[in-house]
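J.: Chain by chain, the residues run as shown.
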Amino acid sequence: MKDPYEVLGVPHGASEEEIKKAYRDLARKYHPDNYANNPLADLAQEKMKEINEAYDTLMKGGSAPNPSSSYSSGSSGGAFGQVRELIRQGRIDAAESMLDGIATHNAEWYYLRGVIAQRRGWMDEAAQNFRIAVNMDPQNYEYRNAANAASGAGAYTYRQQEYGNSQSDDLCNLCGTMMCLNCLCDCCR
Amino acid sequence: MFGYVLPRKDLLSEQARARYRAAYCGLCHSLKENYGFRARFLVNYDMTFLYFVLHDGAAAQTERCACPARPFCKKDCLPDEGELGFAADLSVLLSVWKLRDALRDGRLPHRLAAKCALLLYRGAYRKAKARQKEADEVFERQLSRLQALEDAHCASLDRAADAFASLLRVCALYRRDESARRASELLLYHVGRFLYLADALEDLPKDERSGSYNPLRYRFTLQDGKLSQEDRQTLLDTVEASISMAASALELLPASDDDEIRKNIIYYGLPAVLHGVANGTFRKKKRGKKQ
Chain A
1 MKDPYEVLGV PHGASEEEIK KAYRDLARKY HPDNYANNPL ADLAQEKMKE
51 INEAYDTLMK GGSAPNPSSS YSSGSSGGAF GQVRELIRQG RIDAAESMLD
101 GIATHNAEWY YLRGVIAQRR GWMDEAAQNF RIAVNMDPQN YEYRNAANAA
151 SGAGAYTYRQ QEYGNSQSDD LCNLCGTMMC LNCLCDCCR
Chain B
190 MFGYVLPRKD LLSEQARARY RAAYCGLCHS LKENYGFRAR FLVNYDMTFL
240 YFVLHDGAAA QTERCACPAR PFCKKDCLPD EGELGFAADL SVLLSVWKLR
290 DALRDGRLPH RLAAKCALLL YRGAYRKAKA RQKEADEVFE RQLSRLQALE
340 DAHCASLDRA ADAFASLLRV CALYRRDESA RRASELLLYH VGRFLYLADA
390 LEDLPKDERS GSYNPLRYRF TLQDGKLSQE DRQTLLDTVE ASISMAASAL
440 ELLPASDDDE IRKNIIYYGL PAVLHGVANG TFRKKKRGKK Q
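Chains as they are written, first to last, in my numbering: chain A, 1 to 189; chain B, 190 to 480.
Next comes chain B alone, as it looks inside the complex (with noise of 0.2 Å):
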């Protein structure tokens, strides 16, 4: 998971951060309720976005349910009407091959750490791939492929991008209504597709120190160690061609009444995260808002 799906909660009504943080919350209550205690540390804002995603119509009334992190008072949080659980399963199921993932190539303290949170998170997954079979054939099958990209060096962006956009693209098996669903798939793939190449410019510095794959070392000419003034500009179009591409299928799913979250973060929270990225920002003031 990334952290890079998140709304300008700046830009938000009172209402809607309030339900916003009862979605967050409502995730993190479905995990432990399918996954036990330990799934809560998989609660993310990338699954959170899924659910307003996969959600339409009227706005679920919130119920109160204790929060660990805050043992002495009660938090609202959505119940799950379906979009949760099934977020939940894909929280349990992406984590385990992002740490999968972790385990072919990180340095061998991550590599220590992956595989004991693997372990940790062995009953989890086994029971979230019962039930999300396609989705985890799905994950298996496009993470070999962009393994076998990487290993081959693939100089292509959107290559590279598309095995991880398509794997995002499966969350929209959730739908059943055809339209919703071919609208759902594409703001997936390219919300994946923003994830991916957003977190290749953000680790640029890092593989070109250790020599790992990156397909920007690739795809570009680097000038010590750095993207051109030039290159920098065609990355961050056309991942602004993805947030485009986003937005068209954002304003073809079915009306909801969390229309004003889904807008905020595709309209500006995406644009937001990619700029904080570009300008090394990010980081930075997440770092500064945990102090």
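Looking at chain A on its own, in the form it has when it is part of the complex (with noise of 0.2 Å):
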């Protein structure tokens, strides 16, 4: 087993308020909410399996809390609980034509489209058929949290960090004029 202290990045003999802290924003960063319809979904769960053991060894037996997904995935059985479990081997192709032959296109069935589309990095595709999905059924957590992620306001959101665009061009242009000094007096470093 790997060292938990090097599994949550905190030093030898952090204090328990640092550990929990760690353990909390990885716990964030690897949550399968964040993972939905990522191919890498099952690394993630590895990955947040990994945190949740670290932190146990750690907090000897207090136990982690469990973030599950706060969702359930598969609402339906049936046809689409079987396109579902297809998406979840990874069978792509035959999850696609298996939903082209049914003929009810309902909500979920948009959404599944988008899941399949997801799954092969098609986010434009993706993002139109969550919406329509999202319109058929607005109150449906699911198909709401896969239409912001596909539209690039998901979990890796970095809209709320800094960009640099934002500030004024004046600063852009100054900020370039250094870089060009920079260049030129760090010749011989």
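Don't read these hints as lab results, they were simulated from the structure. For every residue, glycine included, the Cβ atom is placed at its ideal position computed from N, Cα and C. Keep in mind that the hints are not guaranteed to be accurate.
Claimed, not checked - For each label pair, taking beta carbons as the anchor points, the in silico distance ranges come out as:
{"hint": "1", "chain 1": "B", "residue 1": "D392", "chain 2": "A", "residue 2": "Q82", "range": "39 to 47 Å"}
{"hint": "2", "chain 1": "B", "residue 1": "L297", "chain 2": "A", "residue 2": "R144", "range": "50 to 58 Å"}
{"hint": "3", "chain 1": "B", "residue 1": "K316", "chain 2": "A", "residue 2": "A103", "range": "50 to 58 Å"}
{"hint": "4", "chain 1": "B", "residue 1": "G246", "chain 2": "A", "residue 2": "A94", "range": "34 to 42 Å"}
{"hint": "5", "chain 1": "B", "residue 1": "A344", "chain 2": "A", "residue 2": "H12", "range": "52 to 60 Å"}
{"hint": "6", "chain 1": "A", "residue 1": "R144", "chain 2": "B", "residue 2": "R311", "range": "52 to 60 Å"}
{"hint": "7", "chain 1": "B", "residue 1": "K322", "chain 2": "A", "residue 2": "H12", "range": "45 to 53 Å"}
{"hint": "8", "chain 1": "A", "residue 1": "H12", "chain 2": "B", "residue 2": "E203", "range": "26 to 34 Å"}
With the hints as a guide, dock the two chains, each given alone in a separate frame, to form the complex.
T.: Encoded structure:
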């Protein structure tokens, strides 16, 4: 087993508070919701398990809160359930042809079409399908979450983070000039 | 090569900035060692990023090496531990395939220049192809797929971008460990998608004038040769979705001393470039720097 301190990214002998904070940050990062419909969901899940184990070890049995997905995926059985299962197994082409064979085009149908597109990395098509699913069933958390993620407002949003393009142009020009000067100055370093 | 995959240098620590420079110089040095002096001109930022995607663990010690751009001084550069050599091979392959693409649809002076460059890099290409057979085959397959989609005036952003993104994804084959390879593949796929769509956005006015294929011309209805506000937002959203996917993959790569650089490029560099391209300031800034 890996060193639990290393897993949580805290120094040996870190205080309980520090461990809790590191755990919370990591758990937020690798939360299953952030990896919904992501081809790497299984890797994130493994990582989450590792983090939970490390936390449990360090907190001596005080078991970690289980951040399981806040929705249950696979709301329906039957044909849609089978399509979901194929997607889960990574058999995207098979899932697509099965979905194409279903005549009922309800919100879930469009949602699953979106999931298939997203698993391929086709975010434009995914967003279009998720939007239809949300319009047909606006209350569904799973559809809304997916629609947000496919339009760049998902878990790894950096919108709040500083872009730099919000700075004034003058400041950018100044930066550019400084970089030029920097290049000239550090010629012989 | 596009030169879109850049860090936000102003947000990097002094140490990370020096490492980024050392990787760039290391790639240039590796190109010369493997392919001769001419190949130095193929050094680029996109493949420098590839080095950071593929290199895990402790940072390598830098060495001093000569730089032809500054003949009287030596530069710090990273030694080739495998990743830089691989990035050099891929730089040659990508450049040659990009030149072949230019042969197909550029104007006459461009076609002539591309032809000359291809002759110049004939030997390097042969060597790179022998070393990275699988990558070369994928490049050839995906580029002919892309050409077929372009000829058919494909109206799907996703499908047109998929060919190029799949081409970049093959750069992950350097990875032996399966989890790390899958994470690198997803990361590179979405960086490739970002590159293709950012390039399409930047070339839109030019393509509209010359009537060349551009997926945006078919996916959206242009108004006076421009995207409407709403369509522009749809495009930015879908590219940002790719940046988010790239970030989700980045967080699953094995730890590296250069995490700061990786994160800076994905979380700050790509969005800054995208918005620079969207509001027309990206190249202007670059030109400003060259003066």
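J.: At the C-beta level, are K316/B and A103/A separated by a distance inside 50 to 58 Å?
T.: Between K316/B and A103/A, where Cβ atoms are some 56 Å apart, the hint holds.
J.: That 34 to 42 Å hint for G246/B and A94/A (C-beta), does it hold up?
T.: Given range 34 to 42 Å: holds, Cβ gap about 38 Å.
J.: Quick check: does the Cβ-Cβ distance between A344/B and H12/A fall within 52 to 60 Å?
T.: Holds, since A344/B and H12/A (Cβ atoms, about 58 Å apart) stay within the stated range.
J.: Taking the CB of L297/B and the CB of R144/A, does the distance hold inside 50 to 58 Å?
T.: The hint (50 to 58 Å, Cβ to Cβ) holds, given that L297/B and R144/A are roughly 53 Å apart.
J.: State, for the Cβ atoms of D392/B and Q82/A, whether the hinted interval 39 to 47 Å holds or is violated.
T.: 43 Å, holds
J.: Range hint 45 to 53 Å: satisfied by the CB atoms of K322/B and H12/A?
T.: With Cβ atoms ~47 Å apart, the hint holds.
J.: Given the hint of 52 to 60 Å, check if R144/A and R311/B actually sit that far apart at their C-beta atoms.
T.: 55 Å, holds
J.: Can the suggested window of 26 to 34 Å be confirmed for the beta-carbon pair H12/A and E203/B?
T.: 28 Å, holds
Taken one by one, the earlier hints all hold for this structure without exception.
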